[in-house]
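Asks: Input sequences plus hints: build the corresponding full structure.
The residues making up each chain are set out below.
There are 4 protein chains.
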Amino acid sequence: MNRQVALFGAGRIGRIHAANLAALPGVQLRYVCDPVADSAASLAQQVGAQAATLDQAFEDPAIDVVAIASPTDTHSDLIGRAAAARKHIFCEKPVDLSVPRAVACAESVKAAGIACMIGFQRRFDPTFSDAKQRLARGDIGEAEVLVITSRDPGAPPAQYLKGSGGIFRDMLIHDFDVFRWILGDEAAWLSATGSCLVDPAIAEVGDIDTAAVTLRTRGGRLCQINASRRAAYGYDQRFEVLGSRGLLACGNHRPTEVMQMDAQGVHHDKPEHFFLQRYREAYRLEVAHFFECLQSGAPFRTSIDDGVAAQKLADAATESWRCGQAVAL
Amino acid sequence: MNRQVALFGAGRIGRIHAANLAALPGVQLRYVCDPVADSAASLAQQVGAQAATLDQAFEDPAIDVVAIASPTDTHSDLIGRAAAARKHIFCEKPVDLSVPRAVACAESVKAAGIACMIGFQRRFDPTFSDAKQRLARGDIGEAEVLVITSRDPGAPPAQYLKGSGGIFRDMLIHDFDVFRWILGDEAAWLSATGSCLVDPAIAEVGDIDTAAVTLRTRGGRLCQINASRRAAYGYDQRFEVLGSRGLLACGNHRPTEVMQMDAQGVHHDKPEHFFLQRYREAYRLEVAHFFECLQSGAPFRTSIDDGVAAQKLADAATESWRCGQAVAL
Amino acid sequence: MNRQVALFGAGRIGRIHAANLAALPGVQLRYVCDPVADSAASLAQQVGAQAATLDQAFEDPAIDVVAIASPTDTHSDLIGRAAAARKHIFCEKPVDLSVPRAVACAESVKAAGIACMIGFQRRFDPTFSDAKQRLARGDIGEAEVLVITSRDPGAPPAQYLKGSGGIFRDMLIHDFDVFRWILGDEAAWLSATGSCLVDPAIAEVGDIDTAAVTLRTRGGRLCQINASRRAAYGYDQRFEVLGSRGLLACGNHRPTEVMQMDAQGVHHDKPEHFFLQRYREAYRLEVAHFFECLQSGAPFRTSIDDGVAAQKLADAATESWRCGQAVAL
Amino acid sequence: MNRQVALFGAGRIGRIHAANLAALPGVQLRYVCDPVADSAASLAQQVGAQAATLDQAFEDPAIDVVAIASPTDTHSDLIGRAAAARKHIFCEKPVDLSVPRAVACAESVKAAGIACMIGFQRRFDPTFSDAKQRLARGDIGEAEVLVITSRDPGAPPAQYLKGSGGIFRDMLIHDFDVFRWILGDEAAWLSATGSCLVDPAIAEVGDIDTAAVTLRTRGGRLCQINASRRAAYGYDQRFEVLGSRGLLACGNHRPTEVMQMDAQGVHHDKPEHFFLQRYREAYRLEVAHFFECLQSGAPFRTSIDDGVAAQKLADAATESWRCGQAVAL
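Residue numbers (our numbering), protein chains in the order written: chain A, 1 to 329; chain B, 1 to 329; chain C, 1 to 329; chain D, 1 to 329.
Since the hints were made in silico from the structure, they are not lab data.
What you are looking at is a predicted structure, and each value in this text was computed from that prediction instead of being measured.
A hint or two may mislead.
[Claimed, not checked] Computed beta-carbon distance windows for the label pairs:
hint	chain 1	residue 1	chain 2	residue 2	range
1	C	Ala41	D	Leu329	54 to 64 Å
2	A	Ser42	D	Leu329	52 to 62 Å
3	D	Cys323	C	Pro156	30 to 40 Å
4	A	Phe274	C	Cys293	53 to 63 Å
5	B	Gly48	C	Glu142	47 to 57 Å
6	B	Pro255	C	Gly219	27 to 37 Å
7	B	Ser42	C	Ala201	52 to 62 Å
8	C	Ala41	B	Ala298	31 to 41 Å
9	B	Glu186	C	His273	37 to 47 Å
[What the hints assert, rightly or not] Facing chain A, according to a computed beta carbon distance under 7 Å, are these residues of chain C, among others:
hint	residue
10	Ala232
11	Tyr233
12	Met261
13	Asp262
14	Ala263
15	Gly265
16	Val266
17	His267
18	His268
19	Lys270
All C-beta atoms, glycine included, are put in the ideal place defined by N, C-alpha and C.
Replies: Next up, the structure:
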């Protein structure tokens, strides 16, 4: 395998992908593109690539893969250009905040006959994917109820949230993907509610910081998601599946296995602080999976259709929350 | 203290209360009443009481407390008779399956000036009540989100469920009480859904066996309850409260602290099998609390008004489930 | 069954046994004897017995069981008198601090043909006895290595320790019994060492507060015991058995299953504070076992020979510690 | 930093170091040397180095570091040659099975003025080193008792063990190093025993497979080590330190955080299978530490003197086991 890659975006998530791409055998990270020239140059140097413009990347026939880690509002354009240039795509979630535009992206990708994977990294987390395997193997019988807990260590500034599409599109998008992946079924009914309990400035930009969603699938399975922008104890990423013959519970990961006992109690580490720590291995594995599938022709674990489907659920949740009523799907 | 007690009901829950009453200093269990004479006689003998009719119990002026552990459909009559006879009441949940009748009970009790406690034993579970104390002390700041998991080890026969009032009134009534107690706030909005996944015969009697409820309180706090009639691994009774400064999670209790490690994995005991085991200590403590309050005049932790309030939530959930829409309260 | 019992000793452990005896069906606690008349009287009243002198108890032909919970230095005399009076004996550990006197007790008991059980309550702890059952069932194959951790929450006054026979006879006696019971094998080699790290006053009375013992059995099995008079986090009572096919680990018990997560970490309860809490259930079960065996004729789980055998190991450990060398048995 | 490195040994541990060296910024792995030419060539190719003879490596003046991961009996010669060639040394444990030869190595290294670090990777395990930091910070007061559990998933062939120096030198050498590191004190008294319980062929080559060691330090601290060549549930690597104000317990690491509950019980993953998995991060961190210290001039966390000191304890334990008596140090 010899894959030449251009990476778009040299921010936080771009740097993670750059390091993982650089370490993959058979993959050469050639270009790093970012409107902030210094960021592109410094990241490129670290990983033995070169800074380039988007045009250079798209016009270089040696490049056969683009990795999109740029801001959300650039995704659909870049997917369109990559489809036109017939380059395979690894794209960070979401496809686009607008479902119609996301659907158009999916269509252009299919028309171009290129491969496109969406970076729902949670499906590659060792704990989550082990649970999925057990479920698929029937270890707990048929899945019946899924409970997802999804909490960030702290809320971003309200100004950032203003352009995020709201909590359901920005944050729960991952949970909607987990719901579809774990239950292997599609939503038929959804009810969402929420409150602004963490930071009043979030209410001022029209968003909430604490949310609760319930979904019922076509097969009658139930899912409850509780999400918060703040967990004082760190990044809380868990889910539990009740099956007809048992339960699978995915716990948080922690930095060490030290237990301290003293006059105050018995103490363990807090969970890994945030997504960069918790999903470090998942980010590595998803990129490796992308190239394995490119090579073997096997389908991606997270296709662009999965990206569109999660987006639709985020839209439905937003609508349900706004009108205070359940939504049929 | 010298309290003379008549117990109504010699079934499963009646026998628990009998043993706890018999062991309480200052309390004398005098009568056991049950339409099945043999049950009454055999239980009475075990605890040093005598079998009696209801009339005997109500007419005996020495009796100042009645403990109602008879079938649900007898509760409101017995509460009425006790109020008329001016005897204090300890009554198993629920007050009555009909909210108007439950309200009438509450009124008659107040009019008679007698004390009446409803047996929501979970409020006396050592784990749950410790969490409540920490919350009240502010250990995790302000409560924001409550997630309740409530699963029975197995479903009762559909025939039993036919007269139960449905899963929300029969099973989630306890969870609605926990919701009110833990969040210390009243529901403003409720959405419920559910499925029949465990036993098709349950659908045939018009009920469901798997349910999901979301509540939002007046203060914007959120609560999600997931409940199932079946957990292959035993009685699953947990809740978690997210607060502004941390989390409190109440885990299951298990019979022993043995851990086995072998070629198959690392293994612990399943949770205590069912409510008789898990809440054994809670049943003991609630009855002790009842008499302490009688003596001191302090208010009960679970009043008849709490019983009525939980019943109203069960009604609202039933309605929400039936119409597929949220309900304002 | 109708057993009439006299209890000797109204101290801390005597009160526990009194409550458990009083609650046993078929058992009547008739007398409580204690040189401190007030203690005897107040305990007797609580449990519906009467205070009595030793002579009254021994001379009353209706009494067929004596329960010895008086100070250690009274045990051998009381066992002797009970044997002479042909009353069955439940005796707190140890039989006697002197092995020859303990042996003599065992002989007099056998000569008299009475039953005598020694109160090694740990064998009745639900966690420990479950581990023993699994071991006996072969769940982890053949036992090979036993590691015992045995720590008190705090050291008693050095003055008390002066008459205690030293840490090996006073504290590790229980661990020597666990060693024999769990491995089902006898010691062939023992090495003990220790230090005074907790309280210098303990060194001044010729004792140590921190000890480490290693035993090798006739069959080559190994056991390590680590013991301390002080654990800042409470009573630490654990053991682990490595077998040819796995491991069994017995953990501490804790008062509640509340987990708190906050900015400082993840916190659980400390272990139950001390033996009265941790072994509450064990004390109840051992007394019930005593009467069941009396009734059925089955052998006790902890015979007077077990008491003598543990005492011999305590002597050997004391000798090994003093001379700094291993001891063959 | 620009360090040119020659690696000796292309076996299991050599391959781990090669990958870690190749990924370190500022470090260039130039040569891989192994008597098995194919192994050297294939490993060299994987990491962008070249296969070379020892002579080539020692004679190349550009090489300033040698990493020794060859069989134990080559260590002292290679250390000698490196000292003569004035190249810094990273050497896998042990220095040498003979204490006098190990001492001679330490002297030649010091005489040559080169840096030499011994690969006791456990000191770099995130869990173990976090415990050490807490201890150093005084989080549990003064260390008093250390209990080490050290078990391999399965015994190697008895033929391999024949040349290993015996269980104390081959396996417990790591535990002796942990003992010195964690307690920060030197042994004054040691008693060892053991048995052959796993594989009779091990007894035939004069070794044991199950061992128990107790050490008392000059300061009176106690340490117990229990070790076995077989744990059916995987690699068991734990230790606990009791301090005057609490306990620190280092637990095993496990591949995922999935918990399964079913009719058989509650199940978690077994520990990481063996040292390559459990200490993967430790191997990475120790090599990074080596180069950081080279650069900064700070002392290594594990010096050649630590290697010699652990070897002396292994010798003492072997002697104690053989003679069945304690040894003063």
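Asks: Which of the numbered hints above does this structure break?
Replies: When the structure is compared with the hints, none of them turns out to be violated.
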